[in-house]
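Full structure from sequences and hints, please.
Number of protein chains: 2
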Amino acid sequence: MGGDYGPSVVVPAALDALESHPKLSLILVGDETMLSQQLARESRSYDAARVSLHHASEQVKMDESPAAALRFKKDSSMRVAINLVKTKEAHACVSAGNTGALMAIARFVLKMLPGIDRPAIVYSLPVNVGQEKMGRVRMLDLGANVDCQGEHLFQFAVMGSVLAGAIDNIPNPRVGLLNIGSEAIKGSEAVKEAARLLSETPITNYIGFIEGTDIYQGKADVVVCDGFVGNVALKSSEGVAKMLIDVIRREFTRNFYTKLVALIAMPILNAIRSRCDPSQYNGASLLGLNGIVIKSHGNAQRKGFKQAIIEAMLEVEKNIPEKIGSEVQAYLGESKAV
Amino acid sequence: MGGDYGPSVVVPAALDALESHPKLSLILVGDETMLSQQLARESRSYDAARVSLHHASEQVKMDESPAAALRFKKDSSMRVAINLVKTKEAHACVSAGNTGALMAIARFVLKMLPGIDRPAIVYSLPVNVGQEKMGRVRMLDLGANVDCQGEHLFQFAVMGSVLAGAIDNIPNPRVGLLNIGSEAIKGSEAVKEAARLLSETPITNYIGFIEGTDIYQGKADVVVCDGFVGNVALKSSEGVAKMLIDVIRREFTRNFYTKLVALIAMPILNAIRSRCDPSQYNGASLLGLNGIVIKSHGNAQRKGFKQAIIEAMLEVEKNIPEKIGSEVQAYLGESKAV
Numbered sequence: 127m128g129g130d131y132g133p134s135v136v137v138p139a140a141l142d143a144l145e146s147h148p149k150l151s152l153i154l155v156g157d158e159t160m161l162s163q164q165l166a167r168e169s170r171s172y173d174a175a176r177v178s179l180h181h182a183s184e185q186v187k188m189d190e191s192p193a194a195a196l197r198f199k200k201d202s203s204m205r206v207a208i209n210l211v212k213t214k215e216a217h218a219c220v221s222a223g224n225t226g227a228l229m230a231i232a233r234f235v236l237k238m239l240p241g242i243d244r245p246a247i248v249y250s251l252p253v254n255v256g257q258e259k260m261g262r263v264r265m266l267d268l269g270a271n272v273d274c275q276g277e278h279l280f281q282f283a284v285m286g287s288v289l290a291g292a293i294d295n296i297p298n299p300r301v302g303l304l305n306i307g308s309e310a311i312k313g314s315e316a317v318k319e320a321a322r323l324l325s326e327t328p329i330t331n332y333i334g335f336i337e338g339t340d341i342y343q344g345k346a347d348v349v350v351c352d353g354f355v356g357n358v359a360l361k362s363s364e365g366v367a368k369m370l371i372d373v374i375r376r377e378f379t380r381n382f383y384t385k386l387v388a389l390i391a392m393p394i395l396n397a398i399r400s401r402c403d404p405s406q407y408n409g410a411s412l413l414g415l416n417g418i419v420i421k422s423h424g425n426a427q428r429k430g431f432k433q434a435i436i437e438a439m440l441e442v443e444k445n446i447p448e449k450i451g452s453e454v455q456a457y458l459g460e461s462k463a464v
Numbered sequence: 127m128g129g130d131y132g133p134s135v136v137v138p139a140a141l142d143a144l145e146s147h148p149k150l151s152l153i154l155v156g157d158e159t160m161l162s163q164q165l166a167r168e169s170r171s172y173d174a175a176r177v178s179l180h181h182a183s184e185q186v187k188m189d190e191s192p193a194a195a196l197r198f199k200k201d202s203s204m205r206v207a208i209n210l211v212k213t214k215e216a217h218a219c220v221s222a223g224n225t226g227a228l229m230a231i232a233r234f235v236l237k238m239l240p241g242i243d244r245p246a247i248v249y250s251l252p253v254n255v256g257q258e259k260m261g262r263v264r265m266l267d268l269g270a271n272v273d274c275q276g277e278h279l280f281q282f283a284v285m286g287s288v289l290a291g292a293i294d295n296i297p298n299p300r301v302g303l304l305n306i307g308s309e310a311i312k313g314s315e316a317v318k319e320a321a322r323l324l325s326e327t328p329i330t331n332y333i334g335f336i337e338g339t340d341i342y343q344g345k346a347d348v349v350v351c352d353g354f355v356g357n358v359a360l361k362s363s364e365g366v367a368k369m370l371i372d373v374i375r376r377e378f379t380r381n382f383y384t385k386l387v388a389l390i391a392m393p394i395l396n397a398i399r400s401r402c403d404p405s406q407y408n409g410a411s412l413l414g415l416n417g418i419v420i421k422s423h424g425n426a427q428r429k430g431f432k433q434a435i436i437e438a439m440l441e442v443e444k445n446i447p448e449k450i451g452s453e454v455q456a457y458l459g460e461s462k463a464v
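Note that the protein sequences, when read in sequence, are chains A and B. First residue of the first sequence: 127, per my numbering; consecutive thereafter. First residue of the second sequence: 127, per my numbering; consecutive thereafter.
No lab work stands behind these hints: they were computed from the structure. Mixed in with the good hints, there may be bad ones.
For chains that are exact copies, the list does not tell them apart, and a pair is met inside one copy or across any two.
[Stated by the list, open to error] In silico DSS-like links for lysine-lysine, alpha-carbon gap of 25 Å or less:
hint: 1; residue 1: Lys444; residue 2: Lys385
hint: 2; residue 1: Lys318; residue 2: Lys385
hint: 3; residue 1: Lys259; residue 2: Lys345
hint: 4; residue 1: Lys449; residue 2: Lys149
hint: 5; residue 1: Lys200; residue 2: Lys312
hint: 6; residue 1: Lys368; residue 2: Lys200
hint: 7; residue 1: Lys200; residue 2: Lys345
hint: 8; residue 1: Lys259; residue 2: Lys385
hint: 9; residue 1: Lys368; residue 2: Lys345
hint: 10; residue 1: Lys318; residue 2: Lys444
Listed below in structure tokens is the structure:
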């Protein structure tokens with residue numbers, strides 16, 4: 127029910143995902159009347175055995191405080207969907223709703239994995255690997271945690287490494303710590319402490335500090351930072367990309383001549399757009415929970431929301447929470463042994 | 127002597143600046159032989175009365191530790207140039223060298239203004255104001271200070287506001303605090319404390335929290351954050367811009383047809399490039415010092431370094447350190463009165 131568009135995006139995206147992934151089944155959680163109407167409006171055939179509706183009488187508003195959502199919205203679509211993961215009626219929950227509320231409810235209902243203190247939000251970002259296809263980097267945390275300690279950053283590194291290894295099929299993912307320089311003397315106390323912890327264990331393939339410019343150059347498969355820094359990095363990147371695209375659009379629509387050139391250049395401009403299309407990276411995981419919860423960007427369209435569903439499906443297939451749990455247990459065992 | 131190119135960029139840029147600004151005089155500090163050779167190599171006429179050479183036998187290396195540079199390089203071009211500001215033989219110092227060393231030496235030699243705890247690095251960034259010309263935002267701190275307190279962010283806000291008011295001719299510059307959301311409950315403790323301090327005094331036109339995406343949309347004239355966050359925001363932005371430009375270049379040079387289109391679109395592509403040309407924003411001020419020191423980007427070319435010289439000249443004309451000093455004194459007087 128959440129996000130900027132609610133069922134009008136979620137329902138068609140769900141049908142798209144069902145169509146392309148035969149093993150997938152979906153439970154649409156929310157206002158049953160609205161959902162049925164939207165399904166009817168789609169007027170397309172789908173495998174009805176693989177879609178069910180689950181009524182929820184309330185919904186969490188986009189600007190509602192996480193604490194209030196947790197306390198008072200016991201029958202919100204978000205809460206009900208997460209409950210379904212808890213009771214194992216669903217393998218994963220995908221939501222485009224209020225991030226803070228999703229995090230708070232998921233943490234309360236599903237609990238953290240043993241050995242993990244805080245959930246982290248991990249995004250995929252495009253990286254330029256100098257080839258036809260863009261690469262992909264997993265970056266975390268992107269907003270769940272401000273004021274992190276080194277130990278938290280260390281846990282993020284372990285979780286991100288598991289995800290990149292399992293979902294992106296990278297055998298030994300390179301983990302970088304985001305810092306303001308590559309020298310060991312630079313950076314905040316938390317970053318230095320995390321670097322020390324990561325250097326002392328072989329549990330992740332830690333490659334050292336990386337800088338903001340390196341994120342998009344494919345120097346690491348996993349980039350670790352606290353939620354404040356990550357959120358600012360992500361949103362600044364979005365901001366500068368939007369500015370560049372606006373400038374390009376303005377110059378190409380300036381007058382009759384430039385519009386003609388734009389028409390000629392259209393296949394190239396479309397190719398550029400499709401390479402950098404953010405919808406193919408949509409679907410942020412809430413890692414560290416005892417269950418799979420995926421956050422879709424609030425303004426994701428049909429293609430983006432479908433991608434978030436596919437991310438959830440992949441995490442189910444690869445059993446991400448269990449993998450993270452056993453990595454952390456292995457680490458804790460190892461540190462005890464020392 | 128510093129930066130990626132040394133005198134081969136600095137000398138021609140200096141002559142360009144002299145040519146376009148008749149009131150300007152320059153002292154070139156560094157290896158006298160190298161500087162004379164470079165001047166001779168330029169083979170152009172210039173007003174010799176307005177250029178002098180000042181020999182310095184050493185130079186700070188780009189990867190040298192600030193502490194070592196401060197302690198052992200007493201006759202480096204950087205140290206000598208800052209000494210000239212101290213003794214009032216120069217009004218300002220411009221350097222493309224090692225940022226950390228420049229900061230440490232400037233702080234040691236020039237001292238801080240009373241009431242300011244730490245120097246801050248302030249950059250200009252382009253913003254999209256939906257018009258022909260791009261706007262400009264001043265952002266600080268961009269790397270001098272990690273682990274800031276609210277009080278430091280407050281001081282950055284005051285300094286940035288003075289700079290934007292005096293140099294960018296903005297009567298009442300809008301000051302925003304960079305945060306991960308616009309709600310008061312979000313953010314780190316330091317940011318919340320800074321917000322409280324800024325709300326309680328009319329000394330700056332504080333407009334509240336702004337997010338990463340807002341930086342490039344012209345929502346504020348001054349954006350305040352700690353050095354870690356600012357550095358990551360700046361470098362992530364550079365990284366994503368570089369990635370987009372690389373993708374555009376690749377698509378336009380893919381084959382004969384796309385190259386032909388590129389040729390036709392050349393005037394448009396050039397217009398886009400010139401709008402976003404970073405050299406026009408080069409020249410970062412080290413604010414809070416008792417003197418004017420401008421840091422040019424290490425990889426700045428001639429046009430960029432000239433811009434840094436012009437920034438220094440404007441700050442001299444507007445007497446920035448004195449203005450900051452009196453704003454801070456006014457604030458301190460006001461808080462004492464309360």
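Check each numbered hint against the structure and report the violated ones by number, ascending. 1, 2, 6, 7 and 10
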